[in-house]
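Q: Each chain, written out:
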Amino acid sequence: MPAFQALNRLSAHELAARIAAGRATATAAVRDCLERIEKTDRRLNAFVRVDREEALEEAGRIDRELAAGRNPGPLAGVPVALKDLFCVKGREVTCCSRILEGFISPYDATVARKLKDAGAVILGSTNMDEFAMGSSTENSARGPARNPWDLERVPGGSSGGSAAALAADQTVAAFGTDTGGSVRQPAAFCGVAGLKPTYGRVSRYGLVAYASSLDQAGPFGKDVEDLALLLEVIAGHDPRDATSAPEPVPRYRDFLQADPASLTLGLPSRDTLKGMDREVAAAFRAAVDTYAALGAKFVEVELSSLEYAVACYYIVSTAEASSNLARFDGIRYGRRAPGVADLLELFEKSRAEGFGEEVKRRVLLGTYVLSAGYYEAYYGRALRIRRLIKNDFDSALAGCDCVILPTAPIPAFRLGEKIDDPLQMYLTDLFTISINLAGVPAVSINCGFTGGGLPVGLQLVAAPFREDNLIRAAALFEGATAHHLKKPALDDR
Amino acid sequence: MSEFETVIGLEVHVQLKTRSKLFCDCPVDWGGEPNSRVCPVCLGLPGTLPVLNRKSVELGVRAALALNCRIAPFSQFHRKNYFYPDMAKNYQVSQYDLPLSADGFVEIPREEGSLRVGLARAHLEEDTGKLVHFAAEGFSGVDFNRSGVPLLEIVTRPDLRSPEDAYDYLKVLRNLLRTVEVSDCDMEKGSFRCDANVSLRLSGSEKLGVKTEVKNMNSFRAVERALSYEVSRQAELIRSGGAVVQETRLYDAASQKTFPMRSKEEAHDYRYFPDPDLVPTELDRVWIEEISAALPELPSAKAGRFQRDYELGFYDAGVLTSDPALAEYFETAARACANFKTLSNWITVELMARLKESDTPIESSPVPPEHVSELVGLIDRGVISGKIAKSVFALMCDERKPPSEIVRERGLVQISDESELEKVVEKVIGEHPGPAEDFASGKEKALGFLVGRVMKETRGQANPRLVNEIIRRRLSG
Ligand SMILES: [Zn+2]
Numbered sequence: 000m001p002a003f004q005a006l007n008r009l010s011a012h013e014l015a016a017r018i019a020a021g022r023a024t025a026t027a028a029v030r031d032c033l034e035r036i037e038k039t040d041r042r043l044n045a046f047v048r049v050d051r052e053e054a055l056e057e058a059g060r061i062d063r064e065l066a067a068g069r070n071p072g073p074l075a076g077v078p079v080a081l082k083d084l085f086c087v088k089g090r091e092v093t094c095c096s097r098i099l100e101g102f103i104s105p106y107d108a109t110v111a112r113k114l115k116d117a118g119a120v121i122l123g124s125t126n127m128d129e130f131a132m133g134s135s136t137e138n139s140a141r142g143p144a145r146n147p148w149d150l151e152r153v154p155g156g157s158s159g160g161s162a163a164a165l166a167a168d169q170t171v172a173a174f175g176t177d178t179g180g181s182v183r184q185p186a187a188f189c190g191v192a193g194l195k196p197t198y199g200r201v202s203r204y205g206l207v208a209y210a211s212s213l214d215q216a217g218p219f220g221k222d223v224e225d226l227a228l229l230l231e232v233i234a235g236h237d238p239r240d241a242t243s244a245p246e247p248v249p250r251y252r253d254f255l256q257a258d259p260a261s262l263t264l265g266l267p268s269r270d271t272l273k274g275m276d277r278e279v280a281a282a283f284r285a286a287v288d289t290y291a292a293l294g295a296k297f298v299e300v301e302l303s304s305l306e307y308a309v310a311c312y313y314i315v316s317t318a319e320a321s322s323n324l325a326r327f328d329g330i331r332y333g334r335r336a337p338g339v340a341d342l343l344e345l346f347e348k349s350r351a352e353g354f355g356e357e358v359k360r361r362v363l364l365g366t367y368v369l370s371a372g373y374y375e376a377y378y379g380r381a382l383r384i385r386r387l388i389k390n391d392f393d394s395a396l397a398g399c400d401c402v403i404l405p406t407a408p409i410p411a412f413r414l415g416e417k418i419d420d421p422l423q424m425y426l427t428d429l430f431t432i433s434i435n436l437a438g439v440p441a442v443s444i445n446c447g448f449t450g451g452g453l454p455v456g457l458q459l460v461a462a463p464f465r466e467d468n469l470i471r472a473a474a475l476f477e478g479a480t481a482h483h484l485k486k487p488a489l490d491d492r
Numbered sequence: 000m001s002e003f004e005t006v007i008g009l010e011v012h013v014q015l016k017t018r019s020k021l022f023c024d025c026p027v028d029w030g031g032e033p034n035s036r037v038c039p040v041c042l043g044l045p046g047t048l049p050v051l052n053r054k055s056v057e058l059g060v061r062a063a064l065a066l067n068c069r070i071a072p073f074s075q076f077h078r079k080n081y082f083y084p085d086m087a088k089n090y091q092v093s094q095y096d097l098p099l100s101a102d103g104f105v106e107i108p109r110e111e112g113s114l115r116v117g118l119a120r121a122h123l124e125e126d127t128g129k130l131v132h133f134a135a136e137g138f139s140g141v142d143f144n145r146s147g148v149p150l151l152e153i154v155t156r157p158d159l160r161s162p163e164d165a166y167d168y169l170k171v172l173r174n175l176l177r178t179v180e181v182s183d184c185d186m187e188k189g190s191f192r193c194d195a196n197v198s199l200r201l202s203g204s205e206k207l208g209v210k211t212e213v214k215n216m217n218s219f220r221a222v223e224r225a226l227s228y229e230v231s232r233q234a235e236l237i238r239s240g241g242a243v244v245q246e247t248r249l250y251d252a253a254s255q256k257t258f259p260m261r262s263k264e265e266a267h268d269y270r271y272f273p274d275p276d277l278v279p280t281e282l283d284r285v286w287i288e289e290i291s292a293a294l295p296e297l298p299s300a301k302a303g304r305f306q307r308d309y310e311l312g313f314y315d316a317g318v319l320t321s322d323p324a325l326a327e328y329f330e331t332a333a334r335a336c337a338n339f340k341t342l343s344n345w346i347t348v349e350l351m352a353r354l355k356e357s358d359t360p361i362e363s364s365p366v367p368p369e370h371v372s373e374l375v376g377l378i379d380r381g382v383i384s385g386k387i388a389k390s391v392f393a394l395m396c397d398e399r400k401p402p403s404e405i406v407r408e409r410g411l412v413q414i415s416d417e418s419e420l421e422k423v424v425e426k427v428i429g430e431h432p433g434p435a436e437d438f439a440s441g442k443e444k445a446l447g448f449l450v451g452r453v454m455k456e457t458r459g460q461a462n463p464r465l466v467n468e469i470i471r472r473r474l475s476g
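Those sequence lines, one after another, are chains A and B.
Okay, so the first sequence: first residue is 0 according to numbering that gives the first Met the number 0, each after it adds one.
Okay, so the second sequence: first residue is 0 according to numbering that gives the first Met the number 0, each after it adds one.
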């Protein structure tokens with residue numbers, strides 16, 4: 000089949016429109032994706048599980064629904080890939096950890112249920128850093144995923160598998176979770192669009208938790224319209240998640256057309272943006288120029304608390320993680336260490352053998368910062384800094400529609416380059432982490448390429464529940480540029 | 000005065016009477032197959048989240064109001080982290096520095112003036128699962144039916160001064176919680192659990208001594224016995240020059256002693272922190288006032304009213320109001336009765352002894368309250384004697400019939416016909432001339448003997464007051 004006809008190359012809204020109009024079938028779309036996965040995933044390792052039979056069966060069901068004149072929903076027949084931490088009934092969920100090997104979820108995550116209800120077809124689970132802890136998808140019990148733009152480089156993380164799968168057209172849409180940048184940073188590294196909603200916008204029910212007060216599920220899309228469409232489907236209040244917000248969900252696709260003159264962007268001071276790679280800085284400046292040329296207005300914003308964000312994040316997130324991951328003990332599900340003599344040994348060995356290095360590092364760190372005598376000095380103080388960061392964003396966003404930032408200070412790095420230097424790895428999340436601490440929404444879109452052909456991400460940040468502003472600003476940029484249309488040259492052999 | 004003063008504080012966990020668990024929709028019940036009332040949430044499966052059940056908050060507030068606690072307008076759940084296989088998540092969701100309520104008190108009524116027991120706090124938390132050991136097969140299982148069941152933990156200040164105080168406190172507490180209908184408070188079913196902290200100090204000293212925590216007590220009596228044992232153990236230890244070690248001890252009901260728990264499970268750093276999955280609970284003042292206004296009459300007020308309205312003594316009023324069902328029983332009976340004192344005696348003495356023998360709660364009494372009123376009426380109207388009434392009551396319990404029917408069926412009506420009784424008196428005097436002469440010559444004691452013979456002749460049916468009169472008239476002429 001000639002490449003221009005392959006349905007897996009389409010965006011979600013294009014595919015959904017074709018299927019709804021009877022010009023394509025869900026089954027054909029799923030087959031095209033499966034074929035692409037077959038051809039490319041030995042090199043990418045983006046998927047850790049492909050549910051071929053289930054996907055084809057579901058696609059067949061949707062085609063029959065359509066043939067019978069029923070409307071199976073706004074994503075009818077659209078193949079999607081889910082990060083390996085979304086619980087889907089009857090399917091194994093491992094978070095790419097040995098400790099969860101063999102855990103079959105008896106229930107659907109709310110996001111998974113909403114996708115099913117909208118007619119999406121789940122292709123399988125994508126690779127990730129174990130329990131979402133990492134920025135490169137190298138911390139995976141299933142081996143690292145690779146970047147489709149350069150197989151020697153990482154796809155970013157922790158939702159690296161989803162980003163890589165989408166960039167390589169193995170799927171039409173993908174989902175990840177973003178705790179400190181885990182959707183936006185891999186989106187930037189892989190040259191796709193990724194959105195982290197406001198904390199509480201999307202239900203966390205059924206997402207295996209890393210850091211509960213920071214985690215948000217978000218979509219990866221081939222363009223901004225896809226992000227709007229996918230967010231409409233997954234957003235909304237969930238009675239099963241006490242932290243989910245009651246705010247009504249607007250039709251985000253209504254904000255794709257924007258008047259540039261009505262857009263005010265907040266530009267952080269030069270100081271805030273120090274430490275950026277030269278080529279990333281150039282692409283970022285070019286993006287600012289593009290907005291200026293379109294007629295957007297700019298104001299300077301102060302985000303001085305940003306320099307404490309990384310330290311604050313690694314206290315808050317690890318504290319929560321140390322408690323969230325306590326349930327993985329080898330007793331009720333997952334992998335149990337063999338040949339143990341007593342209960343304590345069962346706990347210790349199951350966890351020692353089941354968790355990888357980075358997870359152990361963060362659980363230890365989190366246990367330490369919550370310990371008697373240290374709580375105030377670390378956790379208590381981190382909560383106060385978190386409040387300052389939130390205030391910084393509140394005041395910055397009071398004077399503009401979106402703050403504009405690079406997504407990551409560097410483009411995709413080589414596999415193994417930072418894996419032995421956790422601090423260097425943590426700094427790659429410098430510009431994304433503070434957004435999770437503040438709980439505000441942000442989007443990453445492709446804003447160009449380095450000389451070596453690696454994509455660079457542009458980040459837009461909006462006030463809580465103003466995802467409409469993200470869509471407006473991102474769509475405006477996308478309409479004036481063609482970066483998002485470029486595909487990696489993964490040969491199909 | 001003893002050389003030591005006993006200092007006791009109690010921690011009571013009561014299970015709240017909600018339909019569903021604290022953070023999920025699973026039903027709250029007792030018994031049944033292991034793991035038959037579980038869902039992904041209370042099993043702590045990956046990805047699940049807790050959502051607070053408003054009814055537990057309402058019951059918690061109701062209890063806190065009855066316990067004179069200050070209700071916090073803003074409370075929060077924390078995670079208490081420790082590894083134990085009966086916990087689905089290896090942390091327990093409980094309240095820590097922002098509890099639902101604090102600073103309350105309970106009054107133990109005493110004739111000489113009530114004893115006030117301070118309460119530090121009353122807070123909500125989730126119950127854990129239960130380990131089931133299969134010794135023969137060599138493994139243990141976990142039953143999560145109880146996991147996530149709402150508990151209210153009520154912590155006293157160290158205000159109790161004896162094991163008897165502790166016993167009385169538990170009775171008063173249970174009565175209060177049952178009255179406001181927040182818990183069944185059934186120790187056997189585990190809906191009421193008590194741990195105790197106990198220490199000794201030299202009489203007159205202000206400084207608290209080293210305490211031990213006593214667990215595993217399965218009845219109020221067991222609490223009292225365990226504490227008595229622990230008090231004498233500590234006293235002997237100190238007297239012999241030893242020192243009390245701060246530790247947790249388990250009570251063994253068979254030997255009525257306490258034994259130290261393995262110390263390995265002691266040194267916990269629970270690493271409490273606010274549960275990020277739950278939002279803080281903010282309570283509306285108006286809502287609290289509505290709950291307060293809807294509270295039923297509390298036991299202390301009820302006891303006062305019983306003393307006033309039914310002219311009962313302190314003791315009787317206390318017994319009758321020691322349990323809401325018992326108080327209701329009395330009030331139902333009292334509606335059809337004019338002699339409250341006698342009614343109270345029949346209920347608190349005869350009926351309660353009978354119920355205790357068969358371990359029956361008042362709610363399932365074989366004798367309905369109306370029948371007791373009727374019995375008291377029969378006595379008061381002289382239809383039967385008090386003595387006959389006791390046999391009638393026994394029959395009422397066994398046959399579950401109204402007393403009038405029993406009296407009629409068995410011809411137990413009291414003989415109050417003077418001419419009939421005079422004949423019997425003549426006969427008894429004729430048969431016992433000695434005692435008759437003794438009485439006639441002033442020996443009052445002989446009267447009792449003669450009345451007794453008459454009663455025997457009439458198989459207890461003679462009206463004893465009338466027999467008395469007739470004998471006096473006949474022999475003092
Ligand atoms: Zn449940």
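These are computed hints drawn from the structure, not numbers from a lab.
A portion of the hints provided could be inaccurate.
[To be verified] Partner residues aside, some chain A positions facing chain B, computed with beta carbon under 10 angstroms: (1) CYS94; (2) GLY101; (3) PRO105; (4) LEU262; (5) LEU266; (6) ALA318; (7) ASN323; (8) PHE448.
[What the hints assert, rightly or not] Here's a subset of chain A near chain B, in silico, CB distances under 7 angstroms, partners left out: (9) ILE103; (10) TYR106; (11) VAL207; (12) ASP240; (13) SER322; (14) TYR367; (15) TYR373.
Note that the Cβ used here is the ideal one computed from N, Cα and C, for glycine as well.
Q: Now, for every hint given, state plainly whether the structure supports it.
A: To see whether the hints hold, each was checked on the structure:
Proximity of CYS94 (chain A) to chain B holds as hinted, the smallest CB-CB distance being about 8 angstroms (cut-off 10 angstroms). The interface hint given for GLY101 (chain A) is violated, since its Cβ lies 13 angstroms from the closest Cβ of chain B, which is over the 10 angstroms cut-off. The beta carbon of PRO105 (chain A) comes within 6 angstroms of a beta carbon in chain B, closer than 10 angstroms, and the hint placing it at the interface holds. Hint on LEU262 (chain A) is violated. Least Cβ distance to chain B is approximately 34 angstroms, over the 10 angstroms limit.
With its C-beta approaching chain B no nearer than about 33 angstroms, LEU266 (chain A) sits outside the 10 angstroms limit, and its interface hint is violated. At its closest, the beta carbon of ALA318 (chain A) sits 6 angstroms from a beta carbon of chain B; the interface hint therefore holds under the 10 angstroms criterion. For ASN323 (chain A), the shortest C-beta to C-beta distance to chain B is roughly 9 angstroms, which falls under 10 angstroms, so the interface hint holds. With a least beta-carbon distance of about 37 angstroms to chain B, the hint placing PHE448 (chain A) at the interface is violated under the 10 angstroms criterion.
Against a cut-off of 7 angstroms between C-beta atoms, the interface hint on ILE103 (chain A) is violated, since the closest Cβ of chain B lies about 11 angstroms away. The beta carbon of TYR106 (chain A) comes within 5 angstroms of a beta carbon in chain B, closer than 7 angstroms, and the hint placing it at the interface holds. The interface hint given for VAL207 (chain A) is met, as the beta carbon of that residue sits about 4 angstroms from the closest beta carbon of chain B, less than 7 angstroms. Of the supplied interface hints, the one on ASP240 (chain A) holds, with its beta-carbon coming within about 5 angstroms of a beta-carbon of chain B, less than 7 angstroms.
At a threshold of 7 angstroms, the smallest CB-CB gap from SER322 (chain A) to chain B is about 5 angstroms, leaving the interface hint in force. Annotation: interface hint on TYR367 (chain A) violated; nearest CB of chain B at approximately 10 angstroms, more than 7 angstroms. At a threshold of 7 angstroms, the smallest CB-CB gap from TYR373 (chain A) to chain B is about 10 angstroms, leaving the interface hint violated.
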